[in-house]
Structure formats: C-alpha cells, structure tokens
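Protein chains: 4
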Amino acid sequence: MSPVRIGVMGCGRIGRMHAELISWQVPNAEVAAVYDVVDDASAELAKELGVRQAAEPAEILESDDVDAVAICTSTHTHIDLLVAAADTGKAAFVEKPLALNLADVDRGIAAAEAAGVPVQVGFNRRFDPSHRYVRDRVAAGDLGDVHLVRISSRDPEPPPLMYLDQSGGIFCDMTIHDFDMIRYITGSEVTEVYATGAVLVDDAIGEVGDLDTAVIVCHHENGAISAIDNSRQAVYGYDQRVEAFGSAGMSASENPLTATAVTRTADGAHGPTLPYFFLDRYIPSYLAEWDAFTAMMQGAPSPVTLADGRAPLVIGLAAWRSVHERRPVRTDEIG
Amino acid sequence: MSPVRIGVMGCGRIGRMHAELISWQVPNAEVAAVYDVVDDASAELAKELGVRQAAEPAEILESDDVDAVAICTSTHTHIDLLVAAADTGKAAFVEKPLALNLADVDRGIAAAEAAGVPVQVGFNRRFDPSHRYVRDRVAAGDLGDVHLVRISSRDPEPPPLMYLDQSGGIFCDMTIHDFDMIRYITGSEVTEVYATGAVLVDDAIGEVGDLDTAVIVCHHENGAISAIDNSRQAVYGYDQRVEAFGSAGMSASENPLTATAVTRTADGAHGPTLPYFFLDRYIPSYLAEWDAFTAMMQGAPSPVTLADGRAPLVIGLAAWRSVHERRPVRTDEIG
Amino acid sequence: MSPVRIGVMGCGRIGRMHAELISWQVPNAEVAAVYDVVDDASAELAKELGVRQAAEPAEILESDDVDAVAICTSTHTHIDLLVAAADTGKAAFVEKPLALNLADVDRGIAAAEAAGVPVQVGFNRRFDPSHRYVRDRVAAGDLGDVHLVRISSRDPEPPPLMYLDQSGGIFCDMTIHDFDMIRYITGSEVTEVYATGAVLVDDAIGEVGDLDTAVIVCHHENGAISAIDNSRQAVYGYDQRVEAFGSAGMSASENPLTATAVTRTADGAHGPTLPYFFLDRYIPSYLAEWDAFTAMMQGAPSPVTLADGRAPLVIGLAAWRSVHERRPVRTDEIG
Amino acid sequence: MSPVRIGVMGCGRIGRMHAELISWQVPNAEVAAVYDVVDDASAELAKELGVRQAAEPAEILESDDVDAVAICTSTHTHIDLLVAAADTGKAAFVEKPLALNLADVDRGIAAAEAAGVPVQVGFNRRFDPSHRYVRDRVAAGDLGDVHLVRISSRDPEPPPLMYLDQSGGIFCDMTIHDFDMIRYITGSEVTEVYATGAVLVDDAIGEVGDLDTAVIVCHHENGAISAIDNSRQAVYGYDQRVEAFGSAGMSASENPLTATAVTRTADGAHGPTLPYFFLDRYIPSYLAEWDAFTAMMQGAPSPVTLADGRAPLVIGLAAWRSVHERRPVRTDEIG
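Those protein sequences? They're chains C, F, E and H, same order as listed.
Here the numbering used here is used: the first residue of the first sequence is 1, the next is one more, and so on.
Here the numbering used here is used: the first residue of the second sequence is 1, the next is one more, and so on.
Here the numbering used here is used: the first residue of the third sequence is 1, the next is one more, and so on.
Here the numbering used here is used: the first residue of the fourth sequence is 1, the next is one more, and so on.
Hints should not be assumed to be uniformly reliable.
Heads up, the list lumps identical chains together, so a pair's fine if it works in one copy or across two of them.
Only pairs whose alpha carbons sit at most 20 Å apart, straight line, appear in this in silico SDA-like list of lysine to any residue [unchecked claim]:
id	residue 1	residue 2
1	LYS47	SER2
2	LYS47	ILE14
3	LYS47	ASN255
4	LYS47	GLU30
5	LYS47	MET17
6	LYS47	SER23
7	LYS47	ARG13
8	LYS47	GLN25
9	LYS47	GLN166
10	LYS47	VAL37
For the record, the hints were derived by calculation from the structure and aren't laboratory data.
Produce the complete structure using the sequences and hints provided.
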C-alpha cells in the first residue's frame with residue numbers, strides 16, 4: 001500500500017507529537033502538510049519534518065495529496081474541522097474530547113455519517129499494551145463476568161489555569177479517558193454516575209469552579225461497577241493503573257517504570273520513578289493508534305468510533321451534574 | 001512480668017484461633033480458661049490446650065486467676081459480656097463489630113469507662129506489617145497531606161447465609177474493617193459516606209437484603225477522600241490492598257503471595273496464588289495484636305479503643321442508609 | 001496418632017528454635033526432654049517449655065517416653081549422638097552438616113542402617129515454599145530438561161570467629177545448604193566442582209584460612225550446570241534466591257519482604273528490607289520440616305536421608321580442594 | 001549543531017536497525033549513504049530511507065558529505081574498514097566484536113590513534129537504562145566496595161549455524177557483551193577467567209566446536225568476582241539481568257516485560273512474556289548509544305573506546321583457553 005497522507009491540524013504539544021510519530025515511526029503513514037492557527041508553530045514543524053505548511057485548513061482539506069486529517073487543535077474547534085473534513089471527503093483522526101457539548105458532537109456525527117468518511121477518536125489508552133492486556137482477558141472470558149473495574153489515573157502536575165478554564169473541567173478533560181477505559185474494559189455502557197471531589201492541590205483550580213481530586217463511581221448496563229480516582233498532581237509521576245475483577249479472577253495493568261531496577265541497602269529497597277507524563281508513558285499506545293488508523297484506511301472498522309467519543313462526554317457531563325446536585329445521576333438524564 | 005491470664009469466651013473459628021495463638025506464640029500471655037455456649041466446643045479446645053473449661057461466663061469473670069477476657073462470641077452478645085467484664089474489673093479484648101446498634105455500643109463504653117478497665121477492639125488489620133507500613137508513612141509525613149485512600153478488600157468466598165443474616169450486612173460485617181482502616185491511615189474522622197453495590201455473586205445474598213459487591217466513597221474531616229471496593233467472592237484468594245496518596249507521594253500495601261516465586265515459559269509468566277483467607281494472611285497481625293494487648297495490660301494506652309470500635313459502625317450504618325436512600329449521608333445523621 | 005515425643009539435644013540458638021517450634025506449632029510432636037552440655041542452657045529451656053531437663057544424653061536415649069531425638073549440638077558431636085540414638089533404637093533428626101569428614105558420616109550411616117531407625121537431616125530449605133515451588137516445576141517437567149541452576153545465598157553477617165574456626169569453612173558450613181539445594185532442584189548428583197573466592201568482608205576470616213565471598217560452579221550427572229554465589233555479609237538482609245532454567249522455561253524463587261509494601265515519591269520508589277536472617281525467613285520451612293518428620297515417624301520415607309546429608313559434604317570438600325589446587329575437582333576424587 | 005552525517009556500512013539486521021534509528025529517532029544525526037557487499041541490501045535500504053547507495057566503501061569514505069561511518073559489516077571486515085576510516089579522517093562507530101584476534105584489534109587501534117579520529121564501539125547495553133542504573137549506583141558509591149557481579153544473559157534462540165561458525169564462538173560473540181558489562185559495572189579490569197559449559201540446546205552447535213550453555217567466573221583487579229551464565233535458547237524470551245553486590249548493598253537490573261500486567265485466577269498468577277530479542281528490548285539503549293555518539297562528535301570523550309572493545313576480546317579468548325585447558329586462565333596469558 002502507499003502510505004496514508006495525513007494533514008496535521010494543530011501543532012501544539014499533542015499535534016507535534018502525532019506529526020513526529022507519523023513521520024518517523026508509522027510505516028504506512030506520512031505527514032503531507034501541517035497547519036496551526038499560530039503561523040510560527042506550523043512553520044517550525046513544517047521545517048523540522050520537511051513538509052508543506054498550510055496557511056489555512058482549507059489548504060489541507062482541499063488538497064488532492066491529503067488522504068486524512070489529524071484534528072489536534074483546541075477542543076472548541078474539533079467539530080467544525082471534522083464537519084469540514086467530512087464535507088471534503090477526508091477521513092479524520094480527532095483528538096479527545098470531541099467537544100464539550102452534545103449538540104456539537106451530534107452535528108459532527110451527522111456530518112461524518114452523511115459523508116461516509118472513516119473517523120477515529122484519539123482515545124490512545126485503548127492501545128496501551130498493559131491496559132489492552134486487561135481488556136483482552138475480559139474479552140476472552142478469562143475473568144468470567146466483570147463485577148468491578150478500578151482505575152487510578154493521576155497526572156504529575158496540573159495544566160496551566162488558562163487551559164483548565166476552557167477544558168470542560170476534570171471530568172471532561174481528564175477523567176474522560178477513564179470513562180472511555182471503563183467502557184472499553186467492560187464492553188458495557190454506563191447507566192449511572194456518582195462523582196465527588198475536592199480541591200486539595202491548588203486553590204486556584206477551585207476558584208475556576210474545577211476540582212483537582214476526584215472519585216467517580218459508575219454503574220454499567222451489565223451490572224458491573226467502576227470506581228475511578230483522579231488527581232491533577234502525583235509528584236511521583238504519571239500514575240495510570242487499570243484493574244478488572246470478575247467472577248473468575250482479576251487482571252491489572254500496573255505502571256511501567258523508567259528502569260526495571262532495584263537497589264537494596266540496610267535502609268530498605270530503592271527504585272526508579274514512574275514515567276513523568278504521557279510522552280514518557282504512552283508513546284507505544286500512540287504508535288499503535290496510528291497503526292490502527294492506517295488499518296481503518298484500508299477498510300477495517302474504526303477502532304474508536306464517534307459514538308465511542310460521545311459516550312464518555314455524556315458520562316463526564318453526568319459527573320458534573322452529580323457533583324453539583326450531590327446525588328447519583330443517570331446518563332439518560334443527560335442525553 | 002508474669003503472663004497475662006486470659007479467659008477466652010467463644011470457641012468458634014476466631015475464638016479458637018485466638019486461644020491457640022495466645023497459648024503457643026504470645027510470650028506474655030496464656031489462656032486461663034475457655035467458655036462457649038456450646039459445651040462440646042469449649043471442651044475440645046480446653047483439652048487441646050490443657051486449660052480449664054468454664055461452664056458459664058461467670059466462672060471466668062469471677063475467677064481470680066483471670067486477668068482479662070477475650071470476647072469472641074456472636075456479635076449480639078459482645079456488649080453484655082463487655083459490661084459484665086467491666087463490672088468484675090476484668091480487662092477485655094472484644095472482637096469486631098462491637099455490636100450492630102449504637103445504643104448497645106454506648107452502653108458498653110459507659111460501663112468500661114465507669115470501671116476504668118482497659119479494652120482493646122479486634123481490628124487486627126491495623127497490625128498487619130504492610131498496612132502498618134503505609135500508615136507509618138502517612139504518620140511520618142512522608143506522603144505530605146493525604147488526599148486519597150484506596151482499599152480493595154475482597155473475601156475468597158461468602159460466609160454461610162445463616163451467618164450473613166445476622167451479620168449486619170456487608171457494611172457492618174466486612175467493610176467495617178475498611179472503615180477502621182481509613183480512619184487508621186488518615187488519622188481523620190469520616191464526615192460523609194456514599195455507598196452503592198450490587199448482587200453479582202449469589203442471588204441468595206440479595207434475598208436477605210444484603211449486597212455482595214460494593215463501592216463506598218467517604219469524605220474525611222481533613223479533606224481526604226477514601227474509596228473502598230468489596231466483594232464477597234474473589235476466586236483467586238484473599239485480596240487485601242491499601243493505598244494512601246498525598247501531596248508528597250503515595251504508599252501501597254500489596255498482597256503477599258503464598259510463595260515468592262515465578263515461572264516463565266513461552267506462554268508467559270506463571271506464579272502462585274494469594275493466601276486463601278484471613279488465617280493464611282493475617283496471623284502476623286493477630287500476634288502483633290496480642291503483643292499490643294499485653295503492653296496495654298502493662299499500662300500502655302489501648303491501641304484500638306472502644307471509640308475506634310464505635311466510629312466504623314457509624315460509618316457502616318451511614319453506608320446502609322446511603323444505599324437505601326441513594327444519596328450521600330453525613331455521619332452526623334447517624335449518631 | 002499420639003504426638004511424637006522428641007528429646008532435644010543441644011539448646012543453643014538452633015536447638016532452642018526447634019524445641020519451641022515443636023512445642024507450640026507442630027501439631028503431631030511434643031518435646032519430651034532437653035539436654036545441653038551447658039546445664040544452664042537446658043535448665044532455662046526446660047523451664048520455659050515445662051519439660052524435663054536431662055543431665056546426660058543417656059537420660060534421653062534410654063527413656064521410654066522419648067520416640068526420637070533432635071541432634072542440634074556442635075557439629076563434631078553429631079555422629080556419636082546419631083550412633084547412640086541408633087543403638088538405642090531412637091529415630092533421629094540431625095542438624096547439618098552431619099560431620100566435617102566422611103569417615104564419621106559413614107560410621108553414622110552404617111549405625112543407622114544396622115538399627116533400621118528413621119533419620120532425617122536438617123536441610124530445612126527444601127521445605128521453603130518458594131524454593132519448593134521451583135523444584136516442583138522441575139519435577140513436574142514444566143521447565144523441560146534443566147540446563148542451569150543459579151543460587152544466591154548471602155548471610156546478613158558473619159558468625160563469630162570462634163564458630164568459624166570449627167565450622168568446616170564457608171563451603172561445609174554455609175554453601176552446604178546450596179549444595180543440597182542444587183541436588184534437590186536438579187534431582188541429579190554433582191560430578192565436578194570449581195570453587196573460587198575472596199576475603200572481602202573481614203580480614204580475620206582470611207586469617208583462619210576461610211573465605212567470606214565465593215562463587216562455585218558444579219556440573220551434574222544429567223548435564224546441568226549450577227552456579228552459586230555466597231557472601232557472609234549482605235547488609236540489606238538475608239538474600240536467598242534459587243533459579244532453575246531449562247529447555248522449556250525457567251522458575252525462580254525470589255526473596256520475601258518484611259512487608260509487601262512500597263512508597264513512591266519524587267525521589268523514586270522506596271520499600272522495606274529483606275528478612276534479617278533465618279529466624280525471620282525460614283520459620284515456615286522449619287515447621288514443614290517437622291511435619292515431614294512426624295510423617296516419617298508414621299512410615300513415610302525420609303524426606304532428607306543420610307545419603308542426602310553425605311553428598312553435599314563431598315561437594316564441600318571438593319570445593320575446598322578446588323580452591324587450594326586452583327582447578328576443577330571431580331567429586332569422585334573425594335569419596 | 002548540524003546533524004552528524006553518517007555513512008552506514010553493512011545493511012544486515014543490525015546495520016539496517018542503526019540506519020533506521022539514525023534516520024528517524026536520533027535528533028542530531030542523519031544517514032548520508034549506505035553500503036553493503038550485497039547490492040540489493042543497500043539498494044533496498046537506500047530506497048526506504050531516501051538516501052544515497054554507495055557501490056563501494058570508498059564512495060562513503062571519500063565523500064565530503066559524510067562525517068562518520070557506522071561499521072556494521074561482518075566481523076572479519078571491521079578492522080580494515082576502521083583503518084580505512086581513520087586513513088580518510090572519518091570518525092567511526094564499530095559494532096562488536098572489533099575482531100576475533102588481537103593483532104587485528106591492535107592494528108585498528110594504532111590507525112585510529114595515529115589519525116586522531118573519534119571511535120565508539122557498539123556495546124549498546126551500557127546505555128540500557130536499567131543496567132546503567134546499576135552501574136550508576138556502583139559509581140556513586142551506594143553499594144560500597146563491589147564484591148560480586150552476577151549476570152544472566154540468555155538469547156531466545158541460537159543464530160544460524162553458518163553464522164555461529166564464524167562468530168568466534170559463544171564467548172567472543174555473545175558473552176563478549178557480558179565481559180564488557182562486568183568491566184563497566186565494576187570499573188575494574190579482569191585478571192583471571194574460569195569458563196565451563198555444555199552443549200544442551202543443539203548438538204550441531206557442539207559439532208562446530210562451540211557451546212550453547214556456559215558459566216564464566218572472573219576475578220577483577222579490585223578484588224571483585226563476576227559470575228556470568230549464558231544460554232543460546234531461553235524459550236521464554238530475551239533474559240538479560242545484571243546485579244552488583246557490595247559492602248553497602250546490592251543493585252539489580254531486572255527484565256522489562258512486554259506489558260506490565262498480571263492476571264490472577266484460582267490457578268494462580270499469569271502474566272506476559274519477556275521481550276523476544278534485542279530489537280524488542282534494547283532499542284532505548286541503541287538510541288542512547290547514538291546520542292552519545294553525536295556528543296562524542298561534539299568533543300565529548302568516547303563512551304566506549306577501542307580499549308573497551310579490546311578488553312572483552314581478551315577475556316573471551318581467555319575463556320576459550322580455560323574451557324580447553326580446564327583451568328583458570330589469567331588474562332595476561334592472552335595479551
């Protein structure tokens with residue numbers, strides 16, 4: 001096959017990472033052009049990769065040498081770009097979250113369905129080998145019926161306040177990965193959400209109405225219960241663990257370490273830290289995500305559909321309502 | 001010092017275990033007499049240990065050669081025996097839970113306080129070396145301010161239905177250990193409880209109004225949040241993990257294994273199971289519990305006071321109300 | 001069955017440990033009497049256990065209420081006591097090493113065989129659950145043909161020099177456990193030994209002609225090779241690991257920890273130490289050893305025969321010759 | 001800085017890997033041209049990377065747009081190419097082993113010294129984060145004086161017999177990495193070698209005079225002892241462990257896993273395999289190796305000098321003599 005030619009939109013941290021991975025480590029894809037609302041950002045990346053800089057999204061969307069777009073811009077622009085991609089018949093990779101309101105999401109879904117273009121949403125953690133190992137045990141029936149899923153998902157440090165303010169808050173920005181994960185692990189939709197939290201890391205986070213510490217409990221259609229805990233600041237690194245428990249056993253994805261080594265002295269054992277953040281932990285998942293994208297371009301079903309992008313947003317919105325109304329909230333109250 | 005002479009009341013599984021440990025492995029204690037409402041049970045144990053069989057509790061309580069009683073009978077008899085011990089000036093070890101209602105507990109507390117006898121409640125897990133390691137890290141400040149506590153506490157198999165029926169249900173029988181643990185780890189009282197659960201293991205458990213699978217979220221006075229998950233049936237063994245997360249780091253107590261060994265073949269890694277149940281896992285904690293008891297008899301403060309026995313019952317009752325009313329419940333609603 | 005009545009000879013550290021374990025934790029055995037060449041030592045232990053103090057070995061050997069003797073005295077007295085036990089028809093448990101020369105060992109074997117008394121040698125590590133796990137994998141064929149065995153066996157601190165001087169040196173005192181282990185794991189005799197070492201811990205050890213650091217390589221009849229490393233001083237605790245590698249896989253016995261816990265901070269991971277020494281690590285193996293002894297008294301074959309006691313001494317003597325002559329030495333050069 | 005322009009000589013498995021890594025993942029280096037004695041091999045790689053195919057080494061060596069050569073050809077051609085590089089003033093990266101005889105190595109060293117070109121030998125394992133962690137503990141003094149180094153180094157499957165035949169045998173082809181590692185870890189030269197082994201994997205390996213299973217014991221100048229075990233066939237994957245033990249503690253580099261996950265069922269624990277071979281395990285070390293190379297090109301000292309390439313060959317040759325003469329061999333007997 002000839003490589004999938006991808007136009008990367010958004011050259012911030014995550015867009016740049018995708019563009020570099022596609023260029024250097026994804027055998028069946030290449031970057032055709034890059035765009036960013038900030039000219040300097042796209043210019044720098046274009047130069048680094050030796051690819052075309054697009055001055056406008058349209059230069060990518062209307063180009064014959066682009067097969068697909070990677071939408072890595074600010075969240076509020078995702079759907080407009082997705083709709084534009086659909087309108088020009090381009091396949092799309094869209095970063096999470098799709099949007100912060102369901103009306104936008106549904107507009108994007110309608111456009112993509114009407115155009116029939118393949119779309120993959122950027123829930124990369126599904127492709128992490130250890131998380132996937134847990135899900136494969138569930139899917140293979142090794143754990144019997146799933147009763148409980150338990151996730152710890154903790155960032156090493158909070159994002160800038162300016163970012164937080166437009167992020168949709170912890171549940172739509174950060175926990176949304178975990179909401180995707182519990183659907184992925186259980187293979188079952190969430191019916192009810194109870195969320196609670198606190199501001200323990202930084203008062204400024206509370207002042208914009210957000211939380212930095214949270215626990216969320218979800219019930220699933222199949223009877224399983226999921227418990228998620230989040231923190232915006234784990235000083236020891238990026239703590240990402242997933243566990244499924246069922247009638248026939250349990251399976252757990254533990255953290256990798258920066259080195260698999262240990263020292264023992266009279267004072268006890270000492271060992272290396274966790275990977276610092278997603279660039280240290282999740283590169284293999286991003287590569288597998290792009291391999292899946294190229295397979296989708298060859299006709300395989302989308303590994304993370306727009307419906308998979310919508311459902312966690314519903315859960316995230318239900319979580320916020322749960323916090324505000326101090327009660328469990330059914331997802332069908334949200335939409 | 002001469003050994004503490006203990007009269008063991010209740011010769012069921014847990015009473016027998018305590019009596020054997022005291023006889024054989026606790027340097028500063030010995031069993032003086034044993035009593036059980038079932039004559040054969042006490043006769044058998046008395047013979048095994050070469051000690052006196054008491055026909056009535058009074059034979060122990062009024063005996064000059066007994067310094068303390070170990071109350072290991074059915075839960076509903078704990079308080080009457082505690083009060084009787086206080087009235088006769090005997091120190092007491094009381095198994096958990098103290099009772100299933102606060103009026104009884106408060107009656108026991110009043111009697112013990114009036115008599116001034118030392119009392120220790122049987123929350124043995126505080127003495128587990130790994131759980132204690134976590135608590136010591138918190139107490140030493142190594143983790144900074146505690147933000148989250150996470151406990152998985154799963155039994156290998158449900159108790160008999162007849163037992164369940166009088167047990168106070170999962171929250172007062174099983175989770176009560178975890179409610180004690182979160183107080184022990186955080187050093188902070190619980191202010192609010194949200195509990196939810198399901199019947200996924202055995203429908204008969206649901207038919208007596210109980211749950212077999214549960215998730216409980218607690219807020220503490222100091223701002224920390226605790227998340228507990230329970231199952232009555234972990235087919236892979238007795239799964240007992242405790243984790244504390246704070247501003248300066250985390251600490252986790254992981255399961256011990258029946259053997260610290262691993263096999264690697266072309267099919268992957270293979271290893272031994274978890275300990276099957278509390279007799280396999282927690283013997284070191286029971287021994288340390290009795291060492292602490294003998295220290296208390298020498299004048300040290302009680303390591304697990306009656307107040308420590310009361311608080312988890314309040315949380316357990318709040319958890320049941322939370323399930324029934326489908327809302328977070330403040331502990332001060334309970335008492 | 002009625003309990004096996006055991007006369008314990010030698011009330012030093014190891015004899016006392018055996019006596020206490022037998023008294024308190026071995027269901028089918030009891031201590032009938034204790035003897036030590038130092039009267040005070042046996043008096044103290046007799047009082048602690050409430051058993052008879054024997055003034056002479058003969059008081060035990062000729063007693064009708066003794067079924068078996070536990071020979072835990074100084075090494076040079078083992079064989080005379082074993083012969084005396086055989087002559088009086090007593091079964092025997094004999095601590096390792098049987099003796100420091102083969103003539104003595106063979107005299108003991110002849111006496112025991114002539115008398116037909118059951119004898120078990122005190123290679124307790126065979127009963128450690130993790131080491132046993134590895135051996136069971138080999139015996140079950142899970143590893144295919146064994147190619148390599150690898151042992152690290154390191155003490156936390158050297159014994160007193162006075163002890164060292166009569167110990168037979170590192171190979172006959174310490175490595176002898178590992179020589180037993182490689183026979184146990186492989187099920188195959190050692191044909192050739194290469195040993196080398198150094199004095200790195202304490203010059204005084206070298207001054208008595210001993211080594212404190214050693215590496216030994218053995219060839220087995222079945223083609224497997226074993227590599228052992230020893231140190232008299234591992235400041236981080238008692239390091240005891242065994243690994244078998246074969247055509248179908250590998251299996252490893254790793255160290256247990258004093259607590260199965262970990263702490264993670266910005267500085268990395270921190271954890272508890274290893275058990276300090278054999279009393280912390282190997283109690284379960286000693287208990288299983290005594291359970292096996294009581295089974296032997298019921299007619300089961302000896303789990304560690306006198307031949308199993310002899311073979312490691314041959315290897316140990318070959319190791320010393322290898323060091324002195326700086327060449328691999330065949331075990332049939334020794335005897 | 002402008003990227004280091006590298007001419008890759010040898011487009012077999014290892015040369016191709018280096019060329020791809022340099023092209024895609026080494027920020028400060030790029031491939032300028034590729035050469036292989038087999039035209040098709042270099043043509044295919046040149047096309048893949050979009051770089052020049054050289055028909056002869058001279059086309060690379062005499063080119064102005066090449067700063068350095070990566071010598072990844074068959075071992076017997078390494079030194080001639082190194083000398084040619086030196087003669088044309090090119091820096092060089094040379095794969096291990098430098099050669100199979102010391103005369104050749106010394107000729108290469110003389111040429112490089114005369115020309116003053118920077119040279120780095122391809123002992124990539126020095127750059128593995130876990131092995132490096134162990135070495136850093138030693139270098140920092142955390143372990144005190146080093147007493148023992150222990151390495152298990154096992155390949156998943158033997159190379160083709162045709163390759164074996166010209167490889168220098170297990171000690172010069174495979175163990176040579178471990179001989180480098182013990183020098184790297186201890187910082188001390190090897191003075192004496194005892195090697196022994198067996199043919200347990202494949203009789204054909206024995207028929208060409210080689211071994212497939214080996215144990216090697218080395219003494220170092222500083223008194224430390226190293227013990228290495230090797231196998232050509234570990235069916236469970238690429239088993240690569242390094243451990244240092246000293247007066248103040250120990251440090252161990254354990255195997256990474258393909259996924260950091262575990263499953264627990266009633267049958268015990270189950271987990272993923274080891275990485276299959278060096279391409280799965282050691283990519284991070286190869287990348288760090290090239291980062292070090294680019295630093296050397298900026299003036300940093302060579303991280304793996306020609307002297308570091310020579311010493312392990314001496315040890316390997318001593319190991320072969322030890323096997324043939326069945327005795328410990330001093331390295332100064334070799335050269």
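Violations among the numbered hints, reported as their numbers in ascending order
Numbers 3 and 9, in rising order.
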